[in-house]
Amino acid sequence: MEEVDVDPTITNIPISSHGKHLGFACGPGDILVYETLYKQSGASGSCSSFIHEVRKDEEIHSPILRKLFNESHHIFVGLQTIQEEIPSKNKKSQFVSISKNYRSVIRACIEELQQVAVNTKDSAVCTQYGNQVSILLAIELIWNLCEVLFIDAVGALLLHLLDWVRLHKGDVDEKATHVLQSESPAEHRDYWDVVVGYVLQGRLEEVRQLLVKQATLQPAARNMFKLMDNLLSKMPFYNPGGTQTPTDFDVKWRHWHEEVDRCLQDNSFASNPHLELIAKILVGDEDTLLEHKELVGTWYHFLVTRLLYCHPTVKSTELHFYAHSCMTMFLDPRSVPEALDSILLAAFEFDIHQVIKDCSIALNNWWFVAHLTDLLDHCQLLQSHNLHFGSNLREFLLLEYASGLFSHHSLWQLAVDYFDHCPEFGRVYLELQMERIPLDTERKALKVLRICEQRQMSEQVRSICKIMAMRALRNNRLGSALSWSIRAKDAAFATLISERFLQDYCSRGSFSDLDLIDNLGPAMLLSDRLTFLGKYREFHKLYGEKRFREAAKLLLSLMTAKIAPRSFWMTLLTDALPLLEQKEVIFTSEQTYELIFCLEELTSSCNTTTATTTAAASMTDTPMQEEDLEVTKVELLRLALARNLAMAIVNEGTVEV
Amino acid sequence: MESINAKYVSQKISKVRWRPVSLSSLQQPEIFATGSWDNEDNTVSIWTIGNNGISSLEEGFDGDPKPLCEHKHAGDVLDLQFLDQEKVITASSTGGVTILRYNNNNQALSVSHQWAKAHHYPCDNAPCTSVVCSSPEIVSVGEDGRIIVYRADQGGIIRTIENADSSTIHAVTYLRTTEILTVNSIGQLKIWDFRQQSNSPSQILSLSGDRAPLHCVDRHPNQQHIVATGGQDGMLCVWDVRQRNTPFSLMEAHSAEMWEVHFHPMNPDHLFTCSEDGSLLHWEISSPSDMPSFLQGGRNNSMVSRSAMAPAGGNQSLINAWLSGDSSKGRLETTHMLPSQTLSVNSLDVLGQCLVCGTDGEAIFVNRQIPV
Chain A
1 MEEVDVDPTI
11 TNIPISSHGK
21 HLGFACGPGD
31 ILVYETLYKQ
41 SGASGSCSSF
51 IHEVRKDEEI
61 HSPILRKLFN
71 ESHHIFVGLQ
81 TIQEEIPSKN
91 KKSQFVSISK
101 NYRSVIRACI
111 EELQQVAVNT
121 KDSAVCTQYG
131 NQVSILLAIE
141 LIWNLCEVLF
151 IDAVGALLLH
161 LLDWVRLHKG
171 DVDEKATHVL
181 QSESPAEHRD
191 YWDVVVGYVL
201 QGRLEEVRQL
211 LVKQATLQPA
221 ARNMFKLMDN
231 LLSKMPFYNP
241 GGTQTPTDFD
251 VKWRHWHEEV
261 DRCLQDNSFA
271 SNPHLELIAK
281 ILVGDEDTLL
291 EHKELVGTWY
301 HFLVTRLLYC
311 HPTVKSTELH
321 FYAHSCMTMF
331 LDPRSVPEAL
341 DSILLAAFEF
351 DIHQVIKDCS
361 IALNNWWFVA
371 HLTDLLDHCQ
381 LLQSHNLHFG
391 SNLREFLLLE
401 YASGLFSHHS
411 LWQLAVDYFD
421 HCPEFGRVYL
431 ELQMERIPLD
441 TERKALKVLR
451 ICEQRQMSEQ
461 VRSICKIMAM
471 RALRNNRLGS
481 ALSWSIRAKD
491 AAFATLISER
501 FLQDYCSRGS
511 FSDLDLIDNL
521 GPAMLLSDRL
531 TFLGKYREFH
541 KLYGEKRFRE
551 AAKLLLSLMT
561 AKIAPRSFWM
571 TLLTDALPLL
581 EQKEVIFTSE
591 QTYELIFCLE
601 ELTSSCNTTT
611 ATTTAAASMT
621 DTPMQEEDLE
631 VTKVELLRLA
641 LARNLAMAIV
651 NEGTVEV
Chain B
1 MESINAKYVS
11 QKISKVRWRP
21 VSLSSLQQPE
31 IFATGSWDNE
41 DNTVSIWTIG
51 NNGISSLEEG
61 FDGDPKPLCE
71 HKHAGDVLDL
81 QFLDQEKVIT
91 ASSTGGVTIL
101 RYNNNNQALS
111 VSHQWAKAHH
121 YPCDNAPCTS
131 VVCSSPEIVS
141 VGEDGRIIVY
151 RADQGGIIRT
161 IENADSSTIH
171 AVTYLRTTEI
181 LTVNSIGQLK
191 IWDFRQQSNS
201 PSQILSLSGD
211 RAPLHCVDRH
221 PNQQHIVATG
231 GQDGMLCVWD
241 VRQRNTPFSL
251 MEAHSAEMWE
261 VHFHPMNPDH
271 LFTCSEDGSL
281 LHWEISSPSD
291 MPSFLQGGRN
301 NSMVSRSAMA
311 PAGGNQSLIN
321 AWLSGDSSKG
331 RLETTHMLPS
341 QTLSVNSLDV
351 LGQCLVCGTD
361 GEAIFVNRQI
371 PV
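Residue numbers (full-length UniProt numbering), protein chains in the order written: chain A, 1 to 657; chain B, 1 to 372.
Each hint should be verified, as a subset may be incorrect.
Under the rule of at most 27 Å between Cα atoms (straight-line distance), these lysine-lysine pairs were calculated in the BS3-like manner [stated by the list, open to error]:
| hint | chain 1 | residue 1 | chain 2 | residue 2 |
| --- | --- | --- | --- | --- |
| 1 | A | Lys121 | A | Lys91 |
| 2 | B | Lys72 | A | Lys444 |
| 3 | B | Lys7 | A | Lys121 |
| 4 | A | Lys67 | B | Lys117 |
| 5 | B | Lys72 | A | Lys121 |
| 6 | B | Lys7 | B | Lys66 |
| 7 | A | Lys466 | B | Lys117 |
I should point out that these hints are in silico values taken from the structure, not numbers from a laboratory.
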């Protein structure tokens, strides 16, 4: 067994006294914890009757993050369909734009959280939102870096890194607007902070514009400002995508660098410490940078600034070396690097798996790792890294994320598409989850059914229909129950319900739910009993319409074709009585013979069963009265049959002659 | 498609309805109500797309729906109707029917009257699936097969038809003031005449053969005998309830359950449908129906014979375009109204030039310039 990466976190269950034993049950998203009855010897006291629900993933219940889940679901589905549509050449730009979409959704979420946090008065809620914001900010930072390094890995690495730092060190821009909105920007106390901040981010155009304001205030130092402006304007930027060759750039760069150095040597800026500081930064003086840690803020900002002014032609393969040294130079050697630091470092080392692993540990949700891994997998950046459990990394993370969604009351619908795109285990997960969705209304049941039917999950379709049919049956809604079992093509259940219909008919003498039974159509063929129910009702309809001959024919065929259950034959024969007693002959002699045959078969089988199996007889111990009734019925039938036969023979004889 | 506005609202939307605008003014609607479903706490919310009451100065008006107020709702909101400008009627999965009062001045929703468990089984809840109202009368139907008629002003139930249907009644609409039409889960339309005391329908129309459950129904705003229905197979059916027991025309529309169908209230040559497959369709009859009926015939023979069944010697203009509708002749045009999306569009409403719809993807889409 491998050792664990981090110590497990401890969640305290608020239970009144110590020494109690806890039991637990794991669900897909949460754990139920309860106090057990187990008592230590000597211990006394009653067991608390609480069940505690421990949630793994609290974030999923935040209303604002739900928007993140929903919007990213849409992007995710779009990403899965890209593969088929586009030839591989254009894919990269597609992936970059998808990555940007994901990030813009995160951004929107951050903004909304910040707005809500400002408006709320409850301090606890406010800190909760604040925490979520900081988590999302970290997520966006990591995602953006991954986008720069892995997905959009084109030549202009440094320029992308500069953009990355600019985006995530927004306080310079914030300060700048304050400064510029003040009456006299050049005299604002943050003025130089802003200027240096811009220099550190390589935004030299902005620096020059700001310096103009200062220069007008100090006409005496005009030449010095002019010199600085000149240096700033001449700084070459390396763009491997352009026409510039690396050697060209190198010459230019060295030339510029020497010029800045010369200015420092001859103390051109000595009279203005701020300008001297800028010049020192431009020349790439690491000690100066480290002295102004508070302006740089983070080690990765330090890294990018250092690369800009010392190693402008840095290649991605060298990044990890500079990242390491910057981190050790910048951070206090005694302090332990935070999770975010090590994640970013891993990214600079191009160790994607480490990034994902560290993120999974550090973050309390699966959303980020699942979506990032999926995107990286589409970019074919993940080697087939087989886990010793489950499928590959992408699928494992997607399954975890989707299972979390499924544990949510309402978000389960999103999870379906995620499971769909997990080729190995997605289907099994989905099948198990679908069966466990609570179904309160038919509309929800229909939605669940549609999901199952689209995926040919016949087992689940049957089980859902059965649940609905059982519920309808329990509420005495036979029609609904029958509809559900027809939808599931569940013959056994349809038979059961048909039996109920027939029982109801026998006890009440009339059919209920005629609107359904009259409109069964081809569904009637689902089960024999249902066919019989439909046909028997047809007989009643024909009889009601006084179409006696057709009714008689149908009735007879129900018995001779063995559609009617034997137990129901007596009822059918009784139904034949009024037809036999009609003035005109309805049953032909041949049909009458068949009726007689049916009656004999019924009575003889009854007799044999009672004679041979005494046990059965004792069980169906009918009172004498009822037996008498049966006997009289049979007698009556025999009489009617005999009379009808006589009439039929006479009738047929007359016609023939 | 540019004029479509999406807003994520953190709850799955089961119903959306515009608040009616007064007929005299030519105003476009600004306020709509939504109901949620499948949440732990469901709500009815009122939204505005106008800028009244909210300062339009902040960063310009972007047309995004803004929440005005909300009210907790017990159970899923299975249907939602405006009784008038102030009152909203909801149907709940717990079987209750509630009248909510929306106060325009202080932006608040409050319960004005409630019939808890109007629909029920002997020992269980039965969801109320649909309500329809024609002030002051309200009619509700449910999974228990009951039809219940209420008076909003007196707060009482004036009639209950038990066992009106052996299966679930999915939707109800008024045909005229005394007649309603219900559709059920075995593909039948039943017409009920409240002038008659009997508890059985005055007419039953049904889909032949496959008995596909019907989920929604809407009546033509001008011609009361024409109704459109949509069901589980996503087919759009147009019926003439005077004429035949089977639909006049069947049109393939969606690939999954059609949840709602609406004629445009002012311009009934336009019709809108939405479905579980995540699409919202706009149907339009492209030319006026002044062609002789024999030219309106369709590709297949059954369609021709149906058109030929139109009232003999009648006024041609009375033959409604929907009854001769046929997409093969290009007379009926359909357009997708939403950008591609995968989750169900549960509800839509259209009024004036404004269309609103709500989805299981927890988004509300508003289009303020539909081409009608």
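Violating hint indices (sorted, rising): 1, 4
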